[in-house]
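With the hints as your guide, set chains Z and R onto chain U.
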Amino acid sequence: MRVSDIASALGIAFGGEDKEITAMNNLRDARPDELSFAANRKHIEALRLSDAGAVLIPVELLDAVPPGAATLVHEDVLLAMAYATKLFASSPIDFDASEATVGKGSFIDPRANIEKGAKIGKGCTVMAGAYIGSNVVIGDESVIYPNAAIYRDCKIGQRCIIHAGTTVGGDGFGFSHTKTGEHVKIYQNGNVVIEDDVELGCNCTVDRAVFASTVIKKGVKIDNLVHIGHNCEIGEYSILVAQVGVAGSTKLGRNTVVSGQSAFAEHLEIAPFTTFTARSGVTKSIHESGKVFSGYPLMEHRQWMRLQSKLAKLVKEQ
Amino acid sequence: MRVSDIASALGIAFGGEDKEITAMNNLRDARPDELSFAANRKHIEALRLSDAGAVLIPVELLDAVPPGAATLVHEDVLLAMAYATKLFASSPIDFDASEATVGKGSFIDPRANIEKGAKIGKGCTVMAGAYIGSNVVIGDESVIYPNAAIYRDCKIGQRCIIHAGTTVGGDGFGFSHTKTGEHVKIYQNGNVVIEDDVELGCNCTVDRAVFASTVIKKGVKIDNLVHIGHNCEIGEYSILVAQVGVAGSTKLGRNTVVSGQSAFAEHLEIAPFTTFTARSGVTKSIHESGKVFSGYPLMEHRQWMRLQSKLAKLVKEQ
Amino acid sequence: MRVSDIASALGIAFGGEDKEITAMNNLRDARPDELSFAANRKHIEALRLSDAGAVLIPVELLDAVPPGAATLVHEDVLLAMAYATKLFASSPIDFDASEATVGKGSFIDPRANIEKGAKIGKGCTVMAGAYIGSNVVIGDESVIYPNAAIYRDCKIGQRCIIHAGTTVGGDGFGFSHTKTGEHVKIYQNGNVVIEDDVELGCNCTVDRAVFASTVIKKGVKIDNLVHIGHNCEIGEYSILVAQVGVAGSTKLGRNTVVSGQSAFAEHLEIAPFTTFTARSGVTKSIHESGKVFSGYPLMEHRQWMRLQSKLAKLVKEQ
Numbered sequence: 013m014r015v016s017d018i019a020s021a022l023g024i025a026f027g028g029e030d031k032e033i034t035a036m037n038n039l040r041d042a043r044p045d046e047l048s049f050a051a052n053r054k055h056i057e058a059l060r061l062s063d064a065g066a067v068l069i070p071v072e073l074l075d076a077v078p079p080g081a082a083t084l085v086h087e088d089v090l091l092a093m094a095y096a097t098k099l100f101a102s103s104p105i106d107f108d109a110s111e112a113t114v115g116k117g118s119f120i121d122p123r124a125n126i127e128k129g130a131k132i133g134k135g136c137t138v139m140a141g142a143y144i145g146s147n148v149v150i151g152d153e154s155v156i157y158p159n160a161a162i163y164r165d166c167k168i169g170q171r172c173i174i175h176a177g178t179t180v181g182g183d184g185f186g187f188s189h190t191k192t193g194e195h196v197k198i199y200q201n202g203n204v205v206i207e208d209d210v211e212l213g214c215n216c217t218v219d220r221a222v223f224a225s226t227v228i229k230k231g232v233k234i235d236n237l238v239h240i241g242h243n244c245e246i247g248e249y250s251i252l253v254a255q256v257g258v259a260g261s262t263k264l265g266r267n268t269v270v271s272g273q274s275a276f277a278e279h280l281e282i283a284p285f286t287t288f289t290a291r292s293g294v295t296k297s298i299h300e301s302g303k304v305f306s307g308y309p310l311m312e313h314r315q316w317m318r319l320q321s322k323l324a325k326l327v328k329e330q
Numbered sequence: 013m014r015v016s017d018i019a020s021a022l023g024i025a026f027g028g029e030d031k032e033i034t035a036m037n038n039l040r041d042a043r044p045d046e047l048s049f050a051a052n053r054k055h056i057e058a059l060r061l062s063d064a065g066a067v068l069i070p071v072e073l074l075d076a077v078p079p080g081a082a083t084l085v086h087e088d089v090l091l092a093m094a095y096a097t098k099l100f101a102s103s104p105i106d107f108d109a110s111e112a113t114v115g116k117g118s119f120i121d122p123r124a125n126i127e128k129g130a131k132i133g134k135g136c137t138v139m140a141g142a143y144i145g146s147n148v149v150i151g152d153e154s155v156i157y158p159n160a161a162i163y164r165d166c167k168i169g170q171r172c173i174i175h176a177g178t179t180v181g182g183d184g185f186g187f188s189h190t191k192t193g194e195h196v197k198i199y200q201n202g203n204v205v206i207e208d209d210v211e212l213g214c215n216c217t218v219d220r221a222v223f224a225s226t227v228i229k230k231g232v233k234i235d236n237l238v239h240i241g242h243n244c245e246i247g248e249y250s251i252l253v254a255q256v257g258v259a260g261s262t263k264l265g266r267n268t269v270v271s272g273q274s275a276f277a278e279h280l281e282i283a284p285f286t287t288f289t290a291r292s293g294v295t296k297s298i299h300e301s302g303k304v305f306s307g308y309p310l311m312e313h314r315q316w317m318r319l320q321s322k323l324a325k326l327v328k329e330q
Numbered sequence: 013m014r015v016s017d018i019a020s021a022l023g024i025a026f027g028g029e030d031k032e033i034t035a036m037n038n039l040r041d042a043r044p045d046e047l048s049f050a051a052n053r054k055h056i057e058a059l060r061l062s063d064a065g066a067v068l069i070p071v072e073l074l075d076a077v078p079p080g081a082a083t084l085v086h087e088d089v090l091l092a093m094a095y096a097t098k099l100f101a102s103s104p105i106d107f108d109a110s111e112a113t114v115g116k117g118s119f120i121d122p123r124a125n126i127e128k129g130a131k132i133g134k135g136c137t138v139m140a141g142a143y144i145g146s147n148v149v150i151g152d153e154s155v156i157y158p159n160a161a162i163y164r165d166c167k168i169g170q171r172c173i174i175h176a177g178t179t180v181g182g183d184g185f186g187f188s189h190t191k192t193g194e195h196v197k198i199y200q201n202g203n204v205v206i207e208d209d210v211e212l213g214c215n216c217t218v219d220r221a222v223f224a225s226t227v228i229k230k231g232v233k234i235d236n237l238v239h240i241g242h243n244c245e246i247g248e249y250s251i252l253v254a255q256v257g258v259a260g261s262t263k264l265g266r267n268t269v270v271s272g273q274s275a276f277a278e279h280l281e282i283a284p285f286t287t288f289t290a291r292s293g294v295t296k297s298i299h300e301s302g303k304v305f306s307g308y309p310l311m312e313h314r315q316w317m318r319l320q321s322k323l324a325k326l327v328k329e330q
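Protein chains in written order, with our numbering: chain U, 13 to 330; chain Z, 13 to 330; chain R, 13 to 330.
Note that these hints are calculated values from the structure, not bench results.
Keep in mind the model is a prediction, meaning the values are calculated, not measured.
No incorrect hints appear here.
Identical copies go unnamed one by one, so any copy, or any two together, can satisfy a pair.
Straight-line distance between alpha carbons at most 16 Å, and here's what the computed EDC-like set of lysine to aspartate or glutamate pairs gives:
{"#": "1", "residue 1": "LYS325", "residue 2": "GLU312"}
{"#": "2", "residue 1": "LYS328", "residue 2": "GLU312"}
{"#": "3", "residue 1": "LYS197", "residue 2": "GLU153"}
{"#": "4", "residue 1": "LYS197", "residue 2": "ASP208"}
{"#": "5", "residue 1": "LYS98", "residue 2": "GLU153"}
{"#": "6", "residue 1": "LYS191", "residue 2": "GLU248"}
{"#": "7", "residue 1": "LYS230", "residue 2": "GLU194"}
{"#": "8", "residue 1": "LYS134", "residue 2": "ASP208"}
Bound conformation, chain U alone:
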């Protein structure tokens, strides 16, 4: 798709050189054949440094456009961005992919639903009712239990276990909003990458990225009913206990331990070897490794213990 096509779809003009654009991405990661966007002055530095081939911006950021980038000026950049994601969205199924391939020694139940383009490694088990989307790649010796669903273009490593009812690659939860309060879908054009030796329990949900990938790194173990938002990165050997939720773009360092029903706000970074006790509510990044946290609002565990003893005293007072 050319810049001129995007401009025309958005009903606006464009500046600079018309060129082929293959995808959308954020300012930092965008390449010369990708479209990016900056909603306001907060992003001015990232805009200046971006390699994007085209940028969607408000008029006041025109001066910060890097040389060579085509410009698409819109008064509501976030709304225009949402409309633009639709232009690059894949259909749920890739009907044009080549036949799925299966490695030696794998058992693929004939009642599993495998789409074209899937590549399943050696020694895998894919059980009845499991759904393997178009172009999904599954590494050797992985097991996909019944009725798990892996959306198109996701990647699963070696020796992974995906339990029944778990979904990998559902759309991240992203919308722009009109002035009258309607929501416009930001199409989630990325995927999910699950590295080796990961186990996902039953009925979990791991959302695909808006751009690029949601990543579950090597050796992570996840219990049941856990939610991982789009563009998250879960560090190596982390453990997430049942009913935990991680909002979009949050990154957990390696060996993070998250006890049951805890939750993370979006866009956080958590230092490696951090432990969260049950039902922690994490709204700020954590920079120092190896500590234990509790509560909502979050505090160090010993402080939380102290708070509880103060509250116990408060209850007893006349």
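Just chains Z and R now, kept in the frame of chain U:
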């Protein structure tokens, strides 16, 4: 079924005119061919005003029965009501329905499981492993992802997206209780109505109504692992983030925003344009629009911020 | 498998008589043909009293080994135990089982996925997309809704209802840890036993036991998105509302009532007829019956009410 049949099934006598009864309903909505019930004196006014064709009541409410309504007197109305719902329950599958129909331009994967009586609109996509129950209606251009399950008689609007693993129309959680502590199922004879432009994330659960409909109104967007109880109404353009729970019969006004892991008790009404921050616990109705709430127990957000700063001080005190 | 085979697989020697070992179990329940383990001196009494045919122990517990038990000495018992569970693990499917059987008057949708060895009773309904694993037993008149998944060897009672998307028998969440922070799966070689008249809502997860059984007793009713960990026991006629989580090995007494989003830590025992209000966080056993609890940390409901009124006062203070 006639009033005399119901009386006989419950092992009691009936008063008034024997007549054909087609369904059960609450006192307010019941029509002259429906059975309703009043458990105690709290419902006496609603009973007086009801158009129900027959009412199940304790003996002390006999005086308040509206003229023309047949009476079924029982010493444990809630228990008798539960037994009566079974008389009107549908089987999980309607074997007698006519062949399912599919509109022009729809792609229905042959590995999807479509029951008889389903009506799928134009330009829809129904993916492998999705279950479309008997007599389900799906509007044009909707997408049903793999392994989603829509129970019989539910209605989905146009341009809806139902993600993998989500269930629509499971039984609401309703039971009456015997004196010895056993639970008797209240059959959930209503359905779910999802209006246009709604998106439901992965592994959500939207329960069918006991009578009438659970309703998700136009433009609502729901994240993953969200629970909507029976007879809820989610107002237009509301947003519910991951792992939220809404208990039975609660009504959210339009453009309600509910952040992650929040929950609502049953039978509440929430004013439009209300925002709830993460993990709010809502146990009372909210009558004024446009406010922001937090915490459990719930309070206005600025009060909650104040409480947190007081608690932080408390922790530091000797 | 013989003790010598286990020793060889673990790369260690063994003491005592070589003999056939058929399974693993905890010290208390292990029989003379089973392997058990004791990680440290806390388990010394249980070790002394065990009927296990072989025990995996650290060298300092050698003196406490009961007469007749073969010994496997390892410096990291928990890690060795995890490796040993793999030796006894079943594959996800039992290809050698005999043909599945179905009782009179049952409707098994031809699009349901039934493995060999399954025994389905009379008058059951198993709907399209439901997965019934190898050797699963389902009692008379039970209903399994679409896309529910019951893993191999689990047992479902009579008149049970398992709603769409629910998984029964997924692996419990158990791992041992290497010195470098990797996690080694403890294979979950037990099953789930669901007694008569149980209803499980949509998208619940009930994990199989590591040894023996996770048990849901007669008449229990469970709402949507509830998690039950491995080796739990849910007492007769208990009620668990939506989004509740119960961690491994916790036992609820009969007629426990657990309101929405509550959670239990592992290895607790809860007295019968206990009630928990919404979002209770239970970290200690409860020994006295019939009380009502709230909050996290948990306290008696009236104390929690008192705490909330104190906190409300605190907010108002200057």
